[in-house]
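**Q** Residues per chain, in single letters:
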Amino acid sequence: MTANSVLQITVYVLVLLACAKPLGGYMARIYEDRPAGLNRWLAPVERLIYRLCSVNPAVEMRWTDYTVALLLFNLLGLLALFALQRLQGVLPLNPQHLPGISPDSAFNTAVSFATNTNWQGYGGEITMSYLTQMLGLTVQNFVSAATGMAALVALTRGFARRNADTIGNFWVDLTRGTLYILLPLATALALVLVSQGVVQTFSPYRTVALTQPVTYEQAKLGDDGQTLEDAAGNPVTETVAVREQTLAVGPAASQIAIKQLGTNGGGFFNVNSAHPFENPTPLSNFLEMLAILLIPAALCHTFGVLIGDTRQGWAILAAMTVVFVTLIVVIVPLEQAGNPALSALGVDQQPQASQPGGNMEGKETRFGITNSALWALATTAASNGSVNAMHDSFTPLGGMIPMWLMQLGEVIYGGVGSGLYGMIVFAIVAVFVAGLMIGRTPEYLGKKIEAYEVKMASLVILIPPFVVLVGTAVAVMVDVGKASVANAGAHGFSEILYAFSSAGNNNGSAFAGLSANTPFYNTALGLAMLFARYWLAVPTLAIAGALAAKKVVPFGPGSLPTHTPLFVVLLIGTVLIVGALAFLPVLALGPVVEHLQLFGAH
Amino acid sequence: MSNEKSHASLYGPDIRTPALKRPHSALLGPELLQQAVWESFGKLAPQTQFKNPVMFVVYLGSILTTLLWLQALFGQGEAPAGFIFAVTVWLWFTVLFANFAEAVAEGRSKAQAAFLRSAKRDIMAKKLDAPRRDANYSKVASPLLRRGDVVIVEAGDFVPGDGEVIEGVASVDESAITGESAPVIRESGGDFSSVTGGTRVLSDWLVVRISTNPGESFLDRMIAMVESAKRQKTPNEIALTILLVAFTLIFLKTTATLLPFSLYSVETAGGGQPITITVLVALLVCLIPTTIGGLLSAIGVAGIGRMMQKNVVATSGRAVEAAGDVDVLLLDKTGTITLGNRHASTFIPATGVLENELADAAQLASLADETPEGRSIVVLAKQKYGLRERDIHALGATFVHFTAQTRMSGVNLEGRQIRKGAADAVSAHVLELGGTFPRQIQSLVDDVARRGSTPLVVADGARALGVIELKDIVKGGIKERFAELRQMGIKTIMITGDNRLTAAAIAAEAGVDDFLAEATPEAKLKLIRKHQEDGRLVAMTGDGTNDAPALAQADVAVAMNTGTQAAKEAGNMVDLDSNPTKLIEIVETGKQMLMTRGALTTFSIANDVAKYFAIIPAAFASTYPVLGVLNVMGLATPASAILSAVIFNALIIVALIPLALKGIRYRPVGAAQLLRTNLLIYGLGGLIVPFIGIKAIDMLLVSVGLV
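So the sequences go chain by chain: A and B. Each step along the first sequence adds one to the number in the working numbering, with nothing skipped, and position 423 is 423. Each step along the second sequence adds one to the number in the working numbering, with nothing skipped, and position 207 is 207.
Honestly, the hints are just simulated from the structure, not real lab data. None of these values were measured; they are calculated from a predicted model. Worth double-checking, as some hints may not be accurate.
[Said to hold, decoys possible] For lysine-lysine, the following BS3-like pairs were computed, each having C-alpha atoms within a straight-line distance of at most 30 Å:
id, chain 1, residue 1, chain 2, residue 2
1, A, K455, B, K233
2, B, K253, A, K482
3, B, K253, A, K455
4, B, K526, A, K551
5, A, K455, B, K51
6, B, K233, A, K551
7, B, K530, A, K551
8, B, K662, B, K479
9, B, K110, B, K310
One chain only, chain B, in its complex shape (with noise of 0.2 Å):
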């Protein structure tokens, strides 16, 4: 395994997101905010007020004002029209403000998908006539290659399409699907085999069998998810949908009964006028709760933005919603919990052995061996016992490679085997050459498993000379993350192929609360049912093509970039920095998301409290004046009191867009403290804020003489 770019994320010691490496717009660049103004008004047409219901609810009172001003500026009007037109207009505002929010937060996911798009041209395929590197080749353009068609792409050519490596060694430039701009190495069999179309091959060839048919592709795929992400809504955006319907009934009929109340009043009372259809519409605006209702769809769409810029792309809104919810992370040990090269730590020799003996064997059988564990070994050979490097060519040593069947390597010189393996394999060579392997050299690997590292047993001929502890290096960091993922209620399994000791040790050591050794992928997916049932959600990340049943099974999926296509169709996001740490600010993302509709939503609700002030005494002044006692504010006239909550309900839009993108910020400390700092800040806030808020806007229009 010497592929940079997975040596460089998946076992870098950084377990954080690197810094974007994208083209981001910023947050509110002034482009993205022109081109969203001009959307705003777009979005006014019926067919796209209609998705939205509360602001639907706006829309059709705006519309009913706005004929009221045109009566009343040409005939009998049911109060002065310039009253009626200050009302409208800002109930204007309140729709355009709603759709401005929207169209930011799609401004900046059709920024995403232009440029994913620049990636995707038309591409000159070579395509081979025959699965082999010489057979002929024909020229065709990407977009007629179907799935299973062949191709060879050489140094500087681009890959036409998503697909498999079936021959050939090569480094891609990935750059224009993962923003990252160290190349690649891509290579057929194994986890590192795919490659997406749009990716550019710098050195050497590579045969690729296309896997996607036109319009399928990784790319397309992605495109289509950021620019329909606001189409599809979510199934606790459907669900919440719903309860704001609810509250805007309540208050649809509250406000439209208040018409009859307010003429039986009149009646009774014998004096004053029935309240206006204009104050009646501004109240019901006022009371439903635009201001989540106007800004749910710019939170979702804003949630997946983030993802993206975390450079994880989601498939669907559902699968990063899911995130939040997530209970139960799978995590691979190798480059999640460990960093992915196991080191050399210790030489620990038979009875009788010496240890210089030990490490200079140990050093001779790995001098050829290129794997981090080999050179880790010759590296410790030399701090540790000063054994210098030698030059395996000038000894007349002939290197012998690990395989599978023989699960050794080592070295022949001078007439000696000197051989490195798992203890089982070592054993059996051992035997096989008429020695005998020691009960005491078994007990030294069982301790070292016990340890949670790997034994590695040396060899000369027939002669078992210690073991070589192969130390895993628990990632810095990684206990924290953990204690705060147990903060966040989410359990944390480790899964490994390692055996139950040492399996064991690590977990130990990395915090994690469970662990799965000697997995399986039968394993994995059957743990995975076992929480499903028990109604755990669970995640996973997975790169290879094994991974891909546990994948499907998963709640959340996040299959490494550098996996295979089998991977990453399995999962429901893919991570394109390939960091499986990651997961873990997938799910703050998530919970992010339904934090944020949460907060806005009792923000809004507890403003009602406040508009009530503002609007009752006003609206019901001339009938009752004696209600003049509940304007606490001490609002000037009933006609600013009305305007002034209907300004502060529109203005409260545009000031809450940036935390709407932003998403309030996630903490792990429990669901209890969560909750009541969330409650003080968004319920106690929303309480008071508006009484504040309307009354500065009172004395605004009183001072420049508005009303």
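Okay, chain A solo, but in the shape it has when bound (with noise of 0.2 Å):
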């Protein structure tokens, strides 16, 4: 790695992590209602959304309850996303006219917002309305972040409390999530994405001259669309110039500044923050990518802060950090020694001066290796899945890595409060069976693991794979999934594998070779998403459920610290070993298999 390298990921490192005792604590205060300035400030606004909903803040939910109301809620503005969609042709603010999007799409859209995936099986530019982008996507946004959130709080509750058969009221954590973190975050952050010169606009597309006019040679059509052909037979071409061309803007920073909060990550534009429109500047770049995984890490610490032992969010944070940091230095390297087919053709790849060297295609020179690696890490590391370069043409390796950070779960960090609440059910596997190596019934923060605990955590892990791994089977079992990949060999079979393991996560990047806008994988990838989403939500709070009933065990000299050096080393192994074994096969089919021959060749 390069200094400058090297310089940069510290400087990104450190800034995330300086950032997450102050933003984890201040997100304590506001689950716990504890004065935190913007609560007491905007409390009327809150009493007023109760007041208008009523909803009577004060009551305690059961789990089932809690769950009850989150599904509720998450249906409810999936069904909202999906009638936008297909109804924005009638409806205002669509200065480009867009039409209707077909049932298969608005499908896939929608779940795809409403679980905080964000896959994009569509170009947003070309297919989206203003009115959709802002009150059906950024909403989504917004409250499908708050929900993770909520259910993280739940599960915390959990643990905190003792012989208690209430988790919390998922509306007032949902309100005050949105209204006190997400919101005034957002609107932080699209204030300065502005100032870099991201657009946030009602106008229509503009339609500009180019300083620079393209010509190019096209055949020539007949009448009946035929080419023309000479008397010889050859075609008969003509000289087109072009000396315009349409750009796309719109309300984008308001809808940027949430996507990167709340690991959602579907851009505004089709191509994502390499758009120059959505991410102009490295400023801009590092405030977006400072912005993926700000709240996941902070929400570390607000968790020992609720659970009343700091030290226990530090080593989660510390486990998610050395798996995260340990990539880096393998991703970047990758990414920088390049393609050895081009090496064997003689250009050169090495860092200067003048150019950053490597593997450069798909990623924007503006951003080069480094801050293109460290995004692809970021956004999948998080369940985020904006992308500032094109994941598919990372090196082989290098895009094996994105996409096994997302096979692990999305727990290095995560998506806002699923990755935590996700790294917490690895923290019960972990803890299950290192506790029967010290001589006890396993315990985790003083509440006994046990066998409703270890079932319901049993299936956080499984699910995952499942989706993935039935997923991919099928898609490459139907003529109808096969036919929408690009690349022939063991890289098609990774734009498979990429986009079921990132819809099966709730991730929602993409490796671009694949078209994914077809029913069959519109289908297939929205449910993967939901079973993804709901399937692990629903039994992680039947953990705090059950978690809250119990008495805590007090700590002694006999329970397992789960707060040392080793338990973070225990914890990072459960994680890499069930992801590892899990996938190890099939990723040595596809980009294992790739390298190989790749490398082999040359």
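Please dock the two separately framed chains into a single complex, following the hints provided.
**A** Here it is in structure tokens:
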């Protein structure tokens, strides 16, 4: 790695960790309803929301009620978004007169945004009206994130409470998370992004003159649409000159801020944060990248505060960070090393003052190797899924690492809320096996881990690999699945596997090579996203309910300490072993083979 | 209290379990092994296999590959018949080895049950018409006795059933139950009034009220327990099984989806053969946690078996498991922490009284006192003051026995009334005789109590002479054991009837964490409940009827076999040696059982890494030869690689049977240290061992020309 790489990575990680404590503490205050400034100034707004929705904030819910509320609210959001897409042709704020969206694509997108996945089978600027982007997608960006955070807070209460039968009020958690955490952060970030040149307007798309007009030859067509041929049988060509271009604009900054902060990832434009109007400068890139991991990292501290032992939160954050940093150190050199096929052709891939070197295919020159690889890692570590480079064009192993990060279950930071609750479930599994090794019935944070919790935890670690592997298996067996693959060989297999890894873990990023906007993929990936989100949230809340009802076992010298480096290693080991063992064969058939073939041939 | 047996084991200085007394089968005796081999085949019945989900998957896989082998033998097979046959054979071995492990563990328990059953014989009981010794009796077969019947058991008779002695004193041979050959005394009233069916009265007679109906006796329960140990899964076993099933499902879908992935790869790579079902089954069996799956029930059965070896009968596997979780130990002071009998250590005269005078009076008052305390006073007088023992009859003295009312004992001679007893009793006595009880003596009494000793005041007539200090002797080595317990994270609480001052002094000397003084049954119960409400698991021992409520409340309750029927029924374990310190070993056995499960689970999962490196390159050798770089072990051929992994997977079960039966060693070093050690041994070891093992098997296969 170049010194410049090391410096950029170090600054990024340090700033991220520095933000975790203040933001984490603030979020804890919000969820505990302790004074934190905003939640006092805006209290009337909060009360008004409850009154309008006839919610009594003082009513506590059992885990079942909490789950039902969560599911109903998400279903409602999903249906609203579906309707909005289907009807956008007749609704206002549609300057480009974009038509309503096909049922399968609308279903896929509605599921995608309600589940915090933001898989995008469509291209934003040619599909969605401003109204759909703002009222549909952006709103879901907020509430799907707040839903994940609410579920996490509910699980936290399961640990913090004793002999209790309730785990909080979903409506209150949802409202507070949105109003006091996501809205202010998103507003601030949107304003900064606008300052960097991210667009925010209701104007229709602009047509601008090209500073460098482009001319090219094109086959001339006859009236019947067939290519004209001259007497010798050669095609007749004509010269076309392009002097102007349509630039898509719109209310982008407001959506981009929350898509990054809420680990949503659904871009306003098709190429996401590789688009200059979505991510124009190195500073905007840094802030957007920081926003990806900001809340998931800070929530670890929130968790520590809420359970009354901040060391526990730091231990989990440490486990996440160790895996993240290790993989950065692996992926950046992989991309920097470049493509041996190009080296064989005599292309200079060494970093110099004038070029970043390395594998620059599919990367923006303004971001280079380090920031592209770092973003790829952050976006797949968290279940964000936004991109500033094309993962499909990464080197085989460079592309495998983001894919594997998703396959680990989106627990290395992970989605806002969902990542941490997934990690806590892994901790429960780790504690279960390790606890046995010290000769006690396992307990985590003073709560005994028994058959019921193990059963629910098993579901949580079982379902994502199930969805990913079975989905991929179905796709490679049916013709409609295989037809969408752009590349032959192992890489084509990786494209399908990546799509299901992304949907089956609610990430949303894509290997661009796969044409996924087909009825088959829209439906299959839509179902994968639904299963991955709710079949995990429900058992997690069940654990919350079961834990809340338990007594707290006091910590003693015979208890397993869960804040030590040893435990961090154990937790990492559990995540990696489960992830590696489930996916090693399938990765061997995709990226590993591709890598061996590529480097074997050169 | 003149019970030889209880003195021998309750108050003996030995705090470790005495050596085994009952005939136990060796760990792996040839006879037992032979029987286990047969049973491993018997356990192939589907309904038996179904109970163990992990091994059931192996079982189904074996059937599937057997069918594939037959197909290859008689028609178009997916792979050479010889290869499928070799894989199939080793898959069946995997199943059989797991059955064998269980059978060996059960075999040991069955031998114990058979031994117990030999004690259960039909006895002709002498059933009394009325609960008196001199009532008429009729002979009735023991299985016909009902609860409430009263029988007489005379010298040479077997006790026909469990019961309570209501009249008489006799020495009883309980070796059939406890393995202890020294006879014990059973008498009506008090804490030594229970008798167990199948034991034999050696001398004198007992009138016994039968307390159980046929089939419910202690012996019946013990046999049922030992035999059914394998059938009831404990809560932790259930939880672990769920996790193992989850792992199995993960690997099931990993391997099942490999078939379509392989077909697609062949299609897109344009060459090679898709993976065969045989290889998929082999991969699946290697990946799923068969090591722990195959040994899980053996670990549980062996845990209960190890308790039996320590002469502890647990009434459920759940109790053994809970023992590992104990946070608080309640220990009776007397017999557990201190030797049962207190010894006179000093005579402290009142002002104006000579030491010799006090010693003389104390000796006279104790001459006829046969209690250990009384004897020790006589001994002290002799050793320290040269006062020889005198014949009480020659002195013409009459002995005054201790009664609960007077709480004093002593002698009357030549008009003298010498008494010794508790300070308040003697004080009342002296005042009654018109004397005074000096304040100085009261302060001497307080001093002695503060030192953790028991003060006895001696008076001659109306004159209080001074104080005898009776010292509690803390057992040697007990302090170190408490320190170990503290390391294990277990808090020790001493229970005593003594006052706070005495209790505090002994507690400090013995090194317990806390104590409950002036303990009443209610106070004990309250203490247990308080700790349980705080989320702690409480263990205690007890033998008296008044311990029964506390025993019933405690999570791990060990009743002494010498104790009353009520205590035995309230507890969930019975210690046949009646050694209260054994609680510590019970806790260790419980921990060992959990640790063995955790260690083998870790080992099992860690093994998978090496198996992948063996099988994946082999499975896709024809489609993607480049994957050969993953063959880091340099295994000879794809067939030998797969076969070596399967063979290793089967053999490791056999190799770990001794560990499963013995349990991994527990050392009281604190949780973090223990975890580090076990992670290193079973986690890291589990990563490395299969690389070596699979390579070795592969080399062996090549050298004998099998592949």
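**Q** Are the Cα atoms of K455 (chain A) and K51 (chain B) separated by 30 Å or less?
**A** holds (17 Å)
**Q** For the pair we were handed, K530 (chain B) and K551 (chain A), check the Cα-Cα distance against 30 Å.
**A** holds (13 Å)
**Q** Tell me if the straight-line CA distance from K662 (chain B) to K479 (chain B) falls inside 30 Å.
**A** Distance ~28 Å between K662 (chain B) and K479 (chain B) Cα, so the pair holds.
**Q** Verify the proposed pairing of K253 (chain B) with K482 (chain A), using a straight-line Cα cut of 30 Å.
**A** Between K253 (chain B) and K482 (chain A) the Cα gap is close to 21 Å, so the pair holds against 30 Å.
**Q** Has the given pair, K110 (chain B) with K310 (chain B), been kept, meaning a C-alpha gap of at most 30 Å?
**A** The hint holds at about 16 Å.
**Q** Please work out if K253 (chain B) and K455 (chain A) have their alpha carbons no farther apart than 30 Å.
**A** holds (18 Å)
**Q** Next pair to validate is K526 (chain B) with K551 (chain A); report whether the Cα-Cα distance is within 30 Å.
**A** It holds: about 18 Å lies between the C-alpha atoms, which stays within 30 Å.
**Q** Taken at face value, is the distance from the CA of K233 (chain B) to the CA of K455 (chain A) at most 30 Å?
**A** Given pair K455 (chain A), K233 (chain B) holds - Cα atoms ~16 Å apart, limit 30 Å.
**Q** Are K233 (chain B) and K551 (chain A) close enough, with their CA atoms no more than 30 Å apart?
**A** holds (24 Å)
When the structure is compared with the earlier hints, no violation turns up for any of them.
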